[in-house]
Amino acid sequence: MNLLPGKYRYVPVLAMVFFGVAAFTPILNEPGLQQTFAVAFLFAALALTYDLLLGFTGLLSFGHALYYAAGAYGAAYAMARWDWGIIPAGIFAMVFATLIALFTGATALRVKGIAFAMVTLAFAEAGHVIAVLNMWGLSNGDQTLQLNFDSVPDFFLGVNNTRNLYLLALVTLILIYVAVWWLTQSSMGRVLQALRDNEERVSVLGLKPFNFKLIAFVLAGVMAAFVGVIAVIVTNNANPVMGSTQTTISLLLMVILGGIATRWGAVIGGLIYVVLSQRLTTLDTQGALSGLPEWIGGPMSEPAFILGVIFILVVMFSPGGIAGALYRLRMKFGSSVK
Amino acid sequence: MEIFITLFITGFGLGALYFLVASGLSLIYGLMGVLNFAHGAFLTAGAYATWYFTTSIRADGSLSSYVISLFIAGVVGALFAVATEQILIKYLYDRHIDQALVTVGLGFVATSAYLGWFGSDPLIVLPPTQLYNTVQIGDAFVGIDRFLYIGVAALVLIANFLMMRYTRIGLIIRAGVENRSMVTALGIDVRKAFTFVFFIGGFAAGLGGALATTYASGVGPTLGDAFLIYAFITVVIGGMGSVPGTAIAAIVVGTTQVLVNYYVQGLGDFVVVMLLALVLLVRPQGLLGKVAH
Amino acid sequence: MTSNAAIRVSDLSLAIGGAKIVDGVTLEVKPGELLGVIGPNGAGKTSLFNLISGLRPATRGNIYLGDDDITNESPASRASKGLGRTFQTSSVFTLLPVLENVRLAAEAAMGGSMKITRRAYSFKPAIAKAEEALNAVGLSDKRFTPAGALSHGDKRRLEIAIVLASDAKVVMLDEPMAGMSVENVPVLTEIIRSLSRDYGRTVLMVEHHMHVVLGLADRIAVMHQGELLICADPQTVISDPTVQSAYLGESL
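In order, the protein sequence lines correspond to chains F, U and V. Residue numbering for the first sequence follows full-length UniProt numbering, starting at 1 and increasing by one per position. Residue numbering for the second sequence follows full-length UniProt numbering, starting at 1 and increasing by one per position. Residue numbering for the third sequence follows full-length UniProt numbering, starting at 1 and increasing by one per position.
Simulated from the structure, these hints should not be mistaken for laboratory data. Careful: at least some of the hints might be erroneous.
[Stated by the list, open to error] Covered by chain F, per the in silico footprint, the following chain U stretches (three or more residues, Cβ under 8 Å):
1) 85–92
2) 111–117
3) 252–258
[As the list claims (entries may be wrong)] Below are the SDA-like pairs computed for lysine to any residue, each with C-alpha atoms no more than 25 Å apart in a straight line:
4) F:K208 / V:D167
5) V:K20 / U:M182
6) F:K208 / V:S77
7) V:K30 / V:P97
8) F:K208 / F:W182
9) V:K20 / V:Q244
10) V:K81 / F:E200
11) F:K112 / V:D240
12) F:K112 / U:V67
13) V:K169 / V:T117
14) F:K112 / U:D94
15) V:K115 / F:G20
16) F:K208 / V:R56
17) V:K20 / V:G61
18) V:K20 / U:A175
19) F:K208 / V:G66
20) V:K169 / V:A128
21) V:K169 / V:A232
22) V:K30 / V:R118
23) V:K30 / V:S151
24) V:K30 / V:D240
25) F:K112 / U:L186
26) F:K208 / U:V279
27) F:K208 / V:R118
28) F:K112 / U:F71
All C-beta atoms, glycine included, are put in the ideal place defined by N, C-alpha and C.
Just chain F, with the same shape it has in the complex (with noise of 0.2 Å):
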């Protein structure tokens, strides 16, 4: 399925091109806005990864960050403890991931609904609390476990080479973004679209829906893995946040703002969720929410509240977010979808 007619399908494109441009001229010129961006892109294809299993697949998985806090730890603790370079890193931290993905999928896979909801943030707090608690001293806990500087390319190092890491992120982006369209294109995507819209019919196709979500379960998790590796890179550090449910509920929230099983829907949400809450906590040392009495001013200075407020807006009143409103409005015109 795309939303977006033919003459408009070389616009996500468009955007990737003058992201990369826009990076050597004066509009994002400072490190600082860089790498906002730098990690907005990462959360942009983080969604992606979720997109796949939410809106694709029909899956409401509350561990997804798990994967990603796999790749992360996995990546960082080979650079960091054995001296491994950050290719051999990164595809040990992916092996790991994908083994993880694959236990725990198996066995959540087991229930439907809410109760696999229930069981992949149950196995995602499993993990996180090993990276909090640094059990067996695996994490370094709170302390977060360090890049290791000699691991990675000169090029990606130092506040000189933000523009690096903001390319390198742009071109994980635009990678995840590519697989995943590769993959709800390819014959077996559509199998997961169809079992997210009715699991009986496909089993009465002769195809066995467990394994058919199982794929896209441990494929949406490796894919996490490696934005992971390179969150580490651009970070500089793995830390227990990666594997809390609180960013899972971000990525789940930005797929709804954006709207689901769109693909760019979930790039747009990630984009917005990262700038914005950087922007609204900016707009609060300004001054802008001084005026305001102390029982609103509290909460409003949190980017979260209203992210959270305008999220349940867009529950109750807009279902599918962006997207969905403009997918209503074209299943109401007719308007051949594709």
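Given chain F, put chains U and V in place with the hints provided.
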């Protein structure tokens, strides 16, 4: 052996707190199919109510102030829960995923509101001195507060049982958990029961929040979120919609967690999750649950 | 034991909490035959279909597809052996386009391993087959409409197109005419007739419209309170006194 007794009763007490949160979750899910992610926020609201009452209104540190604060926390939790049902849930009737999402959003909003109002550092709540005492069992000394948690949870369980058995609304809830469409077909307005389960679920959670301030020696914005996850696990293990099942699961989860954590820190939390996985593999509907709908 | 039946069930039973939903049904359907299944509401017709397609496990009895005992197989493996069905309430993939609904069934039937490396639309044989099925039910002009946006009648046609494209040897249709407007019934009747006549499928059809069943079926099976009362040609069935009393509500 002494250590085992101390740990076991501590775990039992923690289980009692889980039960207070999980019983409401379980009933709400069983009757309405709503997975309530805002339940932790109800607990936190109760906890802040206790903090406010015992530090700003009656800061005499007496046992009576504490008991009153428990009650107030329950009412605050209940009001928050009823408002949630009336303002948000009601309009998403039978849209289960959207209902869950909206409660996710509410939990998110509530946590950040607490953060804005009270700051990120935990606020200290001092329980009355009586609760610092210990009781000797054999050679073991056990904090008396543990028995308070267990006692309150037992009262809630008994009240729950009596209500389900002998009141009209309890009968409607029981029948509704069993087969909602049948109850509706009989012309009974289940929506009142919806509001009611939110009320009692919120009350129990608020009560749990007040007690949690003693267990955790204070209250921070994410107090409820920490409890919520284990309450979810408790509900799944016990079987959605079954209060007795929830009680048994709460004890199992609390004691396992505390006992194992004593030997390897953090491992208890881990083992509990594995226990959940095991239950799901062997008995997907939970200990005493009906098949999830 | 071998038989030349396309599908055969013996002593098939389903009990839920003591209630006998399907009770000892034994039935044989020959290849290419069109069997109507009728009976009052709650007679166990849809449950019988659920048992045969594997969506519910049987408490007793066996199901054979040809000579193959499929009693303990998953719905998916039964389907891949050539058992197809539709549902009482239309259950197409609502967000996918019409063509995609049918193409998926065709690809699944062609043993397409649902490759991740292949773009869905590049597998031409499945598309050709899907187009053919859509043509047969007269939905070609709506191939790019999301299935959820179809009218009720069109959804029923789409369901038929799906079983047509799926190459199922045995097709179970659960109330294909339910909720159809009067003028659409004859069109769909002809489509179902051609399923058995032109495509050689074995068809089992639950249907409430008696004139449709009488006009279509080679034989009719009557169910009542989970039991199979009689299975015979239409004339024998309508003149049978036990059938009449089952419908008129007299005790047997």
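So, going through the hints one by one against the coordinates:
1. 85–92: Satisfied; 3 residues make the cut.
2. 111–117: Coverage by chain F holds for the stretch 111–117 of chain U (6 residues, Cβ < 8 Å).
3. 252–258: violated (count 0)
4. F:K208 / V:D167: 18 Å, holds
5. V:K20 / U:M182: 20 Å, holds
6. F:K208 / V:S77: 8 Å, holds
7. V:K30 / V:P97: 35 Å, violated
8. F:K208 / F:W182: 22 Å, holds
9. V:K20 / V:Q244: Holds, at about 22 Å.
10. V:K81 / F:E200: Holds, at roughly 17 Å.
11. F:K112 / V:D240: Violated. F:K112 to V:D240 sits at ~47 Å, over the 25 Å cutoff.
12. F:K112 / U:V67: 42 Å, violated
13. V:K169 / V:T117: 30 Å, violated
14. F:K112 / U:D94: Given that 25 Å is the threshold and the Cα spacing comes to 17 Å, the pair holds.
15. V:K115 / F:G20: 33 Å, violated
16. F:K208 / V:R56: 15 Å, holds
17. V:K20 / V:G61: Given pair V:K20, V:G61 holds - Cα atoms ~13 Å apart, limit 25 Å.
18. V:K20 / U:A175: 23 Å, holds
19. F:K208 / V:G66: 22 Å, holds
20. V:K169 / V:A128: Distance of about 19 Å is within 25 Å: holds.
21. V:K169 / V:A232: 22 Å, holds
22. V:K30 / V:R118: Not OK: V:K30 and V:R118 at ~39 Å, beyond 25 Å, violated.
23. V:K30 / V:S151: 34 Å, violated
24. V:K30 / V:D240: 23 Å, holds
25. F:K112 / U:L186: Judged against 25 Å, a Cα distance of about 30 Å means the pair is violated.
26. F:K208 / U:V279: Given that 25 Å is the threshold and the Cα spacing comes to 24 Å, the pair holds.
27. F:K208 / V:R118: OK: F:K208 and V:R118 at ~19 Å, within 25 Å.
28. F:K112 / U:F71: With a Cα-Cα distance of about 38 Å, the restraint between F:K112 and U:F71 is violated, given a limit of 25 Å.
Of the numbered hints given earlier, the model fails hints 3, 7, 11, 12, 13, 15, 22, 23, 25, 28; all others are met.
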